[in-house]
Amino acid sequence: MAVLFTPDYLTMLEGIPYPAMILNDRSRIQAMNRLMQAITGYAIENVRGVHGELVVRSNAGNTRGQNYNKVLQTGEPMSVTGDILNRFRRKIPTLYHISRIKDAQQSLGLLVIVEDTTGRASEGDAVENNYASQELIGHSPQMQKVFDMIPLMSQTDASVLITGETGTGKDKIAELIHAESSRARYPFIKVNCGALPTDLLESELFGHVKGAFTGATRNKQGMFKLADRGTLFLTEIGDMPLPLQVKLLSVLDDSKFIPVGGEQSVEVDVRIIAATHRPLREQVKRNEFREDLFYRLNVLHVHLPSLRERQSDIRYLLDHFLQKFNKALGKNIVGFTPLASQILSAYAFPGNVRELRNIVEYAVNVCKRKKISDQNLPPYIFDKQLIVSEMVTTEPESVPDSKAQVKAAVALEPAIGITDGSSGNGNESWGDIERQMIVDALLTNGGNRTTTSEQLGWGRMKLWRKMKKYGLL
Amino acid sequence: MRKLLMPIQGDYVAPRFDLATEVYVARFEDGKVIGEPKTIIMEKPSDEELCHMIIEEHISDVICGGIEEIHYNFLVWKKIVVKDGVIARWEDAFQLLLDGTLGQGDIVLDESDALGIL
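Protein chains in written order, with the numbering used here: chain A, 1 to 473; chain B, 1001 to 1118.
Note that these hints are calculated values from the structure, not bench results. Even glycine gets a Cβ: it sits at the ideal position worked out from N, Cα and C. Check each hint, because a few of them may be wrong.
Per label pair, the in silico range of CB-to-CB distance [claimed, not checked]: (1) A/D292 with B/V1081: 37 to 47 Å; (2) B/K1044 with A/N69: 14 to 24 Å; (3) B/E1043 with A/T11: 40 to 50 Å; (4) B/I1041 with A/S99: 29 to 39 Å; (5) A/N365 with B/E1043: 46 to 56 Å; (6) A/L152 with B/K1038: 47 to 57 Å.
Taking lysine-lysine pairs in the DSS-like style, the calculated list, with each CA pair at most 25 Å apart, reads [said to hold, decoys possible]: (7) A/K368 with B/K1078; (8) A/K190 with B/K1083; (9) B/K1038 with B/K1078.
Which residues of chain A face chain B? A partial, calculated answer using Cβ under 10 Å [stated by the list, open to error]: (10) M12; (11) G41; (12) R64; (13) R87; (14) R90; (15) A328.
With the hints as constraints, model all of the structure from the sequences given.
Below, the structure written as structure tokens:
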């Protein structure tokens, strides 16, 4: 009789194309495949022996490991939909499969497979609805341009560079590109390149081998390995130290790297999305960012406009966040008083959508009436005349529709006085900014309207209309 | 004086902030517990209500397991010290906080945890 082939279970686990783990009869983790480590954010070395539910934090009725116990007792496999909350504070919709297994000694255990259904959930949804669910709200032409690019960027594996001021939604765009891509069922890993010193960041990205440095007591897989077949989102790429930029460039070119202290190269298939609020081209000029890496990352580029550049969206965003926090806090606030609307319309929102959201959240919390008044707005927005100057959002020149550097000065208090109270007004101050923007762009381009309109991201007719409006003709 | 709120489940820090129905609240100062800690049983799990409770109770420190980014950011914005991603028996986690050695995302378990009740 032929000897039965009994494969090594760890190899088998790696062969499962979904996050998977094996638990013992007390629901303690024995093994996890790489995808499970990526989706949960925990390395197996750190969580071996820990109760599965403490690591794969699901809402699929598994409180106190009830599902695990049921499957262990009955032997009936179970599939439940729900979500998990990972170490990176991300909630991921999942299909949770639990089945009972036995080892050679007939001891019981569990095989748990967690299927990320993010991509599936978006299938069939209207694109706009899908974006809205990600809190990507914008009806302005600038945002529509961004939305139009997402499907294109999702269909390719080319590197994407996302630029935009802080709070404009760079992370959300990156997640959306991943979720809409064919890599959606594989990990989306985010690494903040500005948050760690060089050595730690290198180890975080590329992993290290045991003994590579003091304290490296075991092998550690880096984020590149964990993101294999998925997407690695490198945020604050402009803050990445130069020595690491060289290594990153080499990975992008060869799709392989050598972990810190290691000898053997590791091959990976990772799509890179990078983001920064810094003017990368300026950094290249100042030799703070490698030019070759810049071009390697800047294959596809998307620039997220600041709120000042898409003021028409402010009203939609205010309404959206008002509804959201009304629901969350059980309130029934119907809107904003005319004065509060004027103040918010005139405010420059240097923190962009994130700041707007926080302001609405604050206002909903403190508002005791039906409408949010100026009294309910955070005091800091009245502290002084907010001068937003030299808020530079420089884009790479290679992008055909790059927009202007915005040099704006917003005087908040005078704007409050002169607006007439109708919705969307506060345009007096925005008008001043826009007029100045046009003047600056015309000066830069020696009065050439074609290059000026290109620089401002407008058509020539729009520039002409604006110039006429502001008496510049 | 500082005031801690920690969602708990069985012997452990609750794996999820939004699903916790039991919270432990204690006052402490200079590494020592002040007064009698209390345990609050919530009617139903709700991350929004927990955030509300944290503000109402003037909590200064939160220890929790998984928490969504939006709630984490909210609490940090409210100047609350949040140690999230903690996997530990809740008593151990609190002791480490009192000692000033509890870190973000700490996993503090030993051999006996193979039998701990979740």
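Consistency of the hints with the structure:
1. A/D292 with B/V1081: 37 to 47 Å: 42 Å, holds
2. B/K1044 with A/N69: 14 to 24 Å: Holds: the Cβ-Cβ distance is about 23 Å, inside 14 to 24 Å.
3. B/E1043 with A/T11: 40 to 50 Å: 48 Å, holds
4. B/I1041 with A/S99: 29 to 39 Å: 34 Å, holds
5. A/N365 with B/E1043: 46 to 56 Å: Violated: the Cβ-Cβ distance is about 21 Å, outside 46 to 56 Å.
6. A/L152 with B/K1038: 47 to 57 Å: At roughly 56 Å between Cβ atoms, B/K1038 and A/L152 fall inside 47 to 57 Å, so the hint holds.
7. A/K368 with B/K1078: Holds: A/K368 and B/K1078 sit about 20 Å apart, inside 25 Å.
8. A/K190 with B/K1083: Cα-Cα ~20 Å, so holds.
9. B/K1038 with B/K1078: Distance of about 23 Å is within 25 Å: holds.
10. M12: 24 Å, violated
11. G41: With Cβ-Cβ at 8 Å, under 10 Å, it holds.
12. R64: Since the shortest Cβ distance to chain B is 5 Å, the answer is holds.
13. R87: 5 Å, holds
14. R90: 7 Å, holds
15. A328: 5 Å, holds
In summary, the structure is inconsistent with hints 5, 10 from the numbered list given earlier, while agreeing with the others.
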